[in-house]
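Fit chains B and C to the given chain A structure using the hints.
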Amino acid sequence: MSFFFVDPETYEKYKDAVLAESQSIQVNYVEHLPPDKRKPGLSDKQIADKLGLDERTVREIRCVGEREFYAIDEYERAAAFKEAQCRAYAEQGLSAITKKYVDRARAAKKGA
Amino acid sequence: MSAPAAEPAEPTAADFKRQLIDLALKSGALTAGVADAAAFTAAPEGHRPTDLLPKAKAVFVVGGAQPRAADWQSPMSSFMEASSTADRINALGLRMANHIERQFGYYALMVPAGIDRGGQPFVSVALAAELAGCGTKSIAGPVLHPEHGFMYYSALITTLNLPVDGPLDEPACPAPQCVEMWEAEGTTPCLATCPIDQGGCLGGRIEDGKIAETRYDRARCTTRAQTYWAPGFQKALGAALDEKDAAKRQMIINSSGFTRTLWSMTYSSVSQSQCFECMRVCPVGHERRELR
Amino acid sequence: MDAKANPETEPNPAGAHPSPEDATAAIKALASKMGGDVCGIAHVRDWDEFVPEGYRPDDILPGCESVVVIGARGPTAGAWRCPDNRIMEVNGYDFANDRAVHVVADFIERTYGFYAMQAPSLPTGGHQPPFSMMLAAVLAGLGTRSFAANIVLNPKFGLLYYSAAFTTLPLSYDGRLEQNVCPHKMCVATYRAVGKTPCMAACDADDGGCLDGTIDANGEIESVYYDRERCSTRSMQFGINSFQNALNEMIAEDDDDTRRMMINSDFVSRSCGAMGYFKDSVAQCFECMRVCPIGREERKLK
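Chains as they are written, first to last, in this note's numbering: chain A, 1 to 112; chain B, 1 to 292; chain C, 1 to 302.
Chain A on its own, in the form it takes in the complex:
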């Protein structure tokens, strides 16, 4: 007997549905939005009830899915992003961040 983990077949079958209902991608969580606009993610139990699974299986699928959501190279990209961003802001301030959008807006205005 081993420790509890979800079997790969069940995982592949339900992963997308579980993650779609979970809090992985958060849309309109802001409390002051009207209730019909808010889209809070569901708890493991709510997802389990919706998909006809048991809660522990949903939790395992969600946990593995969260880990695998992005591949390990995303972590390397994250390091490069932060190094560049932090240094650019320290050296040039906010304009380092907004410049490309200002340029884009200008170009769009010119083209229009």
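Honestly, the hints are just simulated from the structure, not real lab data. Watch out, some of these pointers could steer you wrong.
Keeping only pairs whose Cα atoms sit at most 20 angstroms apart, straight-line, the calculated SDA-like set for lysine to any residue is [as the list claims (entries may be wrong)]: (1) Lys33/C with Asp106/C; (2) Lys235/B with Trp263/B; (3) Lys39/A with Gly54/C; (4) Lys39/A with Tyr55/C; (5) Lys300/C with Gln92/A; (6) Lys300/C with Lys235/B; (7) Lys39/A with Glu220/C; (8) Lys45/A with Gly126/C; (9) Lys156/C with Leu301/C.
For the chain B half of the interface with chain C, some residues (derived, Cβ under 8 angstroms), not all of them [as the list claims (entries may be wrong)]: (10) Leu94; (11) Gly119; (12) Gln234; (13) Gly238; (14) Lys248.
Just so you know, even glycine gets a beta-carbon here, dropped at the ideal spot from N, CA and C.
Chains B and C only, in chain A's frame:
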């Protein structure tokens, strides 16, 4: 009609420094001092105070949180492996940084206890301690305070232009007893305990009562000072993954050594330093370890 | 003769019966004394509208009446100025909010004789916390959610770290803020000009980042998009997440020498270090907050 009360004078940098030192000592530090932020020329570019805090003027250093006298007495080396910590002095350093910002209104940044890319320190706290006059480098490596000997240090970088203490005039190492031993036997207590030419970490030479040469095998010291931390864990993990036999692999993973690496990693703040043998025999501050 | 209970350390079932107003004032003063920058109190039923069963205060403390929420600043203003992002990744905070919550919980039990406990903060199932500190901060009137990763911004300090205490003691309640903190006027102007607020520009979901959203004609948040999983690769970059991902790769690697290179790489070394020093490495990306104007005045020093 009486004259209006005079406005209280603006605190001077010396006033700020006095307040900081009082606070540090009241909070349990054994020493405190100020280094010039521009004095870190011995450090490589990218690892100087102004690289971390642009326009930094000073580096305030606090030292203390030594292992207790009783700790040194224990014959169990594993005791200090699992109990000696820089956590308290780092907490004090952070408190001082917050104090400078919130009470005095100047920027302050505590040099992290953690490491930067490639296992490098952000700024050498040991160098900061030397430049702040809180101790001097020893032949064994650690910065020693002339009275208290081995201790932990924390450093914070600030734009507050504090009066500088500067390095000590007289080095704490070698102690007179070590000079005597060198003249008699060609070695010192720390060099004899951990000789680099016999599988240890330390080598060196004393001339005219001063350190003339030092040699330090950092990689070997890592195997001793971080036996059960990330480096030890990575080695054990490598052994486990290389092992093709499932039963043997199980033995490796469940071994006491591998288990200890996991404990030390999770309790890192109290298991940072896992070898004290060079410091155990060091005479600087030794008289303070002799209790009842 | 039995030893008497130490009044300093023993819970006091026969404690004083304060009015909610007096108890609230005492608790807030204590929170401030212990280093909290802000303190607010919410009623337990406020959670019903926003949170499913299992994640409400009275699911964790039966009979809970009130939730005391304390917020404190994290990195020093000096740390924010550092051009090396790694400083804030490993800087460590003094967690005054945690310290204050423990003192407040002890105070409630020992002085008033009502149950009080620290609200659970660490995740126990993947990225799901058992209790949302962010929602607690909103309901206690300490801030409102923002475009930037749904972070709750306090009107004065901006980004704060929050802890909460559950208690059966009835208190006076602050209620939610009437005015939304985000977006700042400057961000509305930027959005109108270029279609992005500074935080969205810093971490654009359209460009491999985490954030997106829209502002309505009144200058209020209309919609918010936040990719939490991408954010976790940035804000929890080195630690448990990265280690598990790397471990998978290492186990799958057949060549012993290549695997040795992976195990001893800076990436894995930093992952191990961050796991060990997690308390000093709780948040490893601040790029959306770096450009946020809210609370910036508090970080302008000499």
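Hint-by-hint comparison with the structure:
1. Note on lysine 33/C and aspartate 106/C: the hinted pairing holds, with a Cα-Cα distance of about 15 angstroms set against a maximum of 20 angstroms.
2. A hinted pair counts as satisfied when its Cα atoms are at most 20 angstroms apart, and lysine 235/B with tryptophan 263/B qualifies at roughly 15 angstroms.
3. For the hint pairing lysine 39/A with glycine 54/C, the CA-to-CA distance comes to about 19 angstroms; that is within 20 angstroms, so the pair holds.
4. For the given pair, lysine 39/A sits about 17 angstroms from tyrosine 55/C by alpha-carbon distance, which is consistent with the 20 angstroms threshold.
5. A C-alpha spacing of about 17 angstroms is found between lysine 300/C and glutamine 92/A, which places the hinted pair at or below 20 angstroms, so the restraint holds.
6. Distance restraint check for lysine 300/C and lysine 235/B: the Cα-Cα separation of roughly 46 angstroms exceeds the 20 angstroms cut-off, and the hinted pair is therefore not satisfied.
7. Proposed proximity of lysine 39/A and glutamate 220/C is supported: the alpha carbons are some 18 angstroms apart, at most 20 angstroms.
8. As the CA atoms of lysine 45/A and glycine 126/C are separated by approximately 14 angstroms, the hinted pair is consistent with the 20 angstroms bound.
9. Restraint check for lysine 156/C and leucine 301/C: satisfied, since their Cα atoms lie roughly 15 angstroms apart, inside the 20 angstroms limit.
10. Nearest Cβ of chain C to the Cβ of leucine 94/B: about 5 angstroms, under the 8 angstroms cut. The hint holds.
11. Residue-level restraint check for glycine 119/B holds (minimum Cβ-Cβ distance to chain C is 6 angstroms; threshold 8 angstroms).
12. Because the closest C-beta pair between glutamine 234/B and chain C is about 5 angstroms apart, less than 8 angstroms, the hint holds.
13. The beta carbon of glycine 238/B comes within 5 angstroms of a beta carbon in chain C, closer than 8 angstroms, and the hint placing it at the interface holds.
14. At its closest, the beta carbon of lysine 248/B sits 15 angstroms from a beta carbon of chain C; the interface hint therefore is violated under the 8 angstroms criterion.
Hints 6 and 14 from the list above are not met by this structure, while the remaining hints are.
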